[in-house]
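Peer 1: For reference, the chains in residue letters:
There are 2 protein chains.
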Amino acid sequence: MKVLIVGGGLVGSLCACYFGLRGHEVHIYDFRNDPRTEKLSKGRSINLALSTRGIEALSRVGVEGVILEHGIPMKGRMIHSKSGEKKSIPYDPVYKKCIYSVGRKHLNELLITEAEKYQNVHLHFNHKITSVNFEEKKIFFKSADNNNSELKEDKGDLIVGADGAFSIVRREMMKQPMFNFSQTYIEHGYRELTIPPANNFKMESNHLHIWPRGEFMLIALPNQDDSWTVTLFMPLVKFDELQGKEHAIKSFFQQNFPDALQLIGDSKVIEDFSKPSHLVSIKCTKYNVGNKAVILGDSAHAMVPFYGQGMNAGFEDCRILDEFIHSEGLDLEEALELFSITRAKNAEAICNLSMYNYSEMRQLVTQTSYILRKKLDNILYWLFSSKWIPLYQSITFTNIPYSECLQNRKRQNVILRNVFYVLLCASVTPISWYIFRWKQSL
Amino acid sequence: MKVLIVGGGLVGSLCACYFGLRGHEVHIYDFRNDPRTEKLSKGRSINLALSTRGIEALSRVGVEGVILEHGIPMKGRMIHSKSGEKKSIPYDPVYKKCIYSVGRKHLNELLITEAEKYQNVHLHFNHKITSVNFEEKKIFFKSADNNNSELKEDKGDLIVGADGAFSIVRREMMKQPMFNFSQTYIEHGYRELTIPPANNFKMESNHLHIWPRGEFMLIALPNQDDSWTVTLFMPLVKFDELQGKEHAIKSFFQQNFPDALQLIGDSKVIEDFSKPSHLVSIKCTKYNVGNKAVILGDSAHAMVPFYGQGMNAGFEDCRILDEFIHSEGLDLEEALELFSITRAKNAEAICNLSMYNYSEMRQLVTQTSYILRKKLDNILYWLFSSKWIPLYQSITFTNIPYSECLQNRKRQNVILRNVFYVLLCASVTPISWYIFRWKQSL
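Line order of the protein sequences matches chains A and B. In terms of full-length UniProt numbering, the first sequence opens at residue 1 and continues consecutively. In terms of full-length UniProt numbering, the second sequence opens at residue 1 and continues consecutively.
If a hint is listed, it holds; no wrong ones were tucked in.
Derived DSS-like pairs (lysine-lysine); straight-line CA-CA distance at most 27 Å:
1. A:K275 <-> B:K137
2. B:K345 <-> A:K238
3. A:K175 <-> B:K175
4. B:K238 <-> A:K292
5. B:K138 <-> A:K142
6. A:K286 <-> B:K175
7. A:K138 <-> B:K128
8. A:K128 <-> B:K138
9. B:K175 <-> A:K275
10. B:K105 <-> B:K268
11. A:K128 <-> B:K128
12. A:K175 <-> B:K283
Label pairs and their calculated CB-CB ranges:
13. B:E348 <-> A:F420: 32 to 42 Å
14. A:H247 <-> B:F384: 53 to 63 Å
15. B:E348 <-> A:L372: 31 to 41 Å
16. A:E323 <-> B:Q363: 37 to 47 Å
17. A:L372 <-> B:I89: 54 to 64 Å
18. B:D272 <-> A:I341: 25 to 35 Å
19. B:E153 <-> A:R22: 44 to 54 Å
20. A:S182 <-> B:S386: 35 to 45 Å
21. B:K387 <-> A:L442: 51 to 61 Å
22. A:K439 <-> B:Y370: 50 to 60 Å
23. A:E136 <-> B:M174: 19 to 29 Å
24. A:E323 <-> B:M174: 26 to 36 Å
These are calculated hints, taken from the structure and not from any lab test. Computed from a predicted structure; not experimentally measured. Glycine residues also receive a C-beta, built at the ideal position from the N, C-alpha and C atoms.
Bound-form chain A, shown alone (with noise of 0.2 Å):
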């Protein structure tokens, strides 16, 4: 069939992979330049972290490898306190799997480069779509080609959305009857500063590292060429405060995160102190148009970043769309709907762990009661390994499906609460028992 797909970012391009392997004419619109022609763009996250659910759909391309190769492996999160203490918490103490830190220009240049290698994939770069006729499965769109002057269209047997939070395909989409939807902006937004590459001081490589300080923190992520990309997120209101005062805000780095002020240096750290990024979180329900279209990617689900688990969902959307495209004893409606309640399901489990996961991260990781929890799931991860999966593991390092692995969550914890119902009895009866035998040896 011919497939029609909108965006041409990470998700756009590893979906033409995937139909184009299958054999299927793809054509992908993307609005912007081709990205290997172009310079890093501003406004958007420099490197991502890739895990597992992630590398599986890369895999199944057979572009894995390649990826991993530039991927840079974290295999803990490294916490920085306020006085320069650094403390490492490993993702998966007992089987040691790590998550990788890759550039999302170099990931998406590799991901076009693979699709472009099937004959049967076109690129369409600079062609920006305009609006959607699901009815007819046509597209409608200017070209830079001849100016933006005139709207051209294409018509293919599937239209798939992979154009991005503000994606118009999922606009189109929100015409039909009973499509829910809901976008929420969170009231911190955050802002990339840059460590530059050095040889004198550095951090420790293969860590996340966080500075979690309750109402903000920073992280930062390593980069190929050695730099380090921080990312400071904090309420909007505390930008504002802050917004163009340079003492204020070199006093604000040097009070909560002095040892990053120092690697950053004190100049770059006010030059881009600019306007904060918002975070958004979006569920909508349903990802289909009958047998026209899907949407699949930030376009279905964009999430807040905390997680990591914005691209890794996308990538397993093209998986799950694939296996079911091409399943026996469904036709493609059946597919799509199907793809729909499945991955809305999903998504919704992820998006809310993903903005739960700020709280954790900004202040529970400090917390005795959640590092003795994380011991403890860690011990009974070892001892019961797939019967006993701590969310975290399950979430980043399987392919189980997200809302079993917040069912399992819920589980856990109800066992966790019955078990020591039943040490408490069991330590309360003796006890009681030698009490009463004392009073009555009175």
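With chain A's structure known, arrange chain B on it following the hints.
Peer 2: The following block gives chain B in isolation, referenced to the frame of chain A:
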């Protein structure tokens, strides 16, 4: 100032009266024909329940009298059981207040005629808004005058979006950063039927008739011409099941609404039982773009119709917006910001209550615990008057902000629970004492 109102429906035309009365230059743009030259349009509810908030808002521009003249008072719900028994539950047994059934078309025509009386109010029907530029306070539209070919524009000092649940103004606002939005369709739809005017058989007028049947329900509101508009609310899947099956539709009505079927007529039920309309709940924040634009009514907060407050909340928006804009000490931007914060909080409350009231209408009205609580509430209302206003009465018969009504209800629940515990203790203590004495006397 020059106010551009998008939408000339109920809320848009009342809003024009408010701005007109204050002497502003007002332009209403609506894509439809002037309703005064049109027949009844399909697909919109035919009559509506006007209550205190709506009446208060109408009275400020002096039009409540002419509207109430045409309204039919409904003093309570008439509950129809399956066996044909009927039971009247008054809305306000203490102060005998009632709600009014008014025709949407009639009310709209009246309000447009009222707005037109102001020389500074200008009507532009057959003008379809295509987009809005908030920065320049411009709206762009195509008009039927020139065959919709040419894109024209108008520039004002304030753009008011009163263009309903599928608002174009809101759609443009969604592109602003930090604009939260959700649209949720419920799994139930509705279909309107009619009981024709007749002399030989009739229902008790001055009531809103309800046939609660658990999973679905029928309601009927009286019209001026002695006919009744009957609405069936039911799960969409159930509509699908019955669609096109004449025999099944008839036996469904025979089984569940035998008395209503007799009044509507077999052939009319089958004839009018076509595709159901959908029900959507819409929430968003915020309602304004600086001092440039504001949305109100359904475009800001569409709700499911089960509390009868959609129109009333929209009319109340007009009153509150007028108060804020013309209150001393607030500039336009401050007034719009305050309007947005205040009304979004209250809209959230009434949207949620409306959703909840659906199950109340379908099920609770027949349950003993619900009826007892209602009775207890009414006794306390009678005893303590303004100190104990039951939820339904405060929503329907006062101008207390919706969110406060909800808070009051929560406070009332706590008080009742505490009183219950005190009474329980008070009755248990003497009983224990007697048991103790009795055992001693053995």
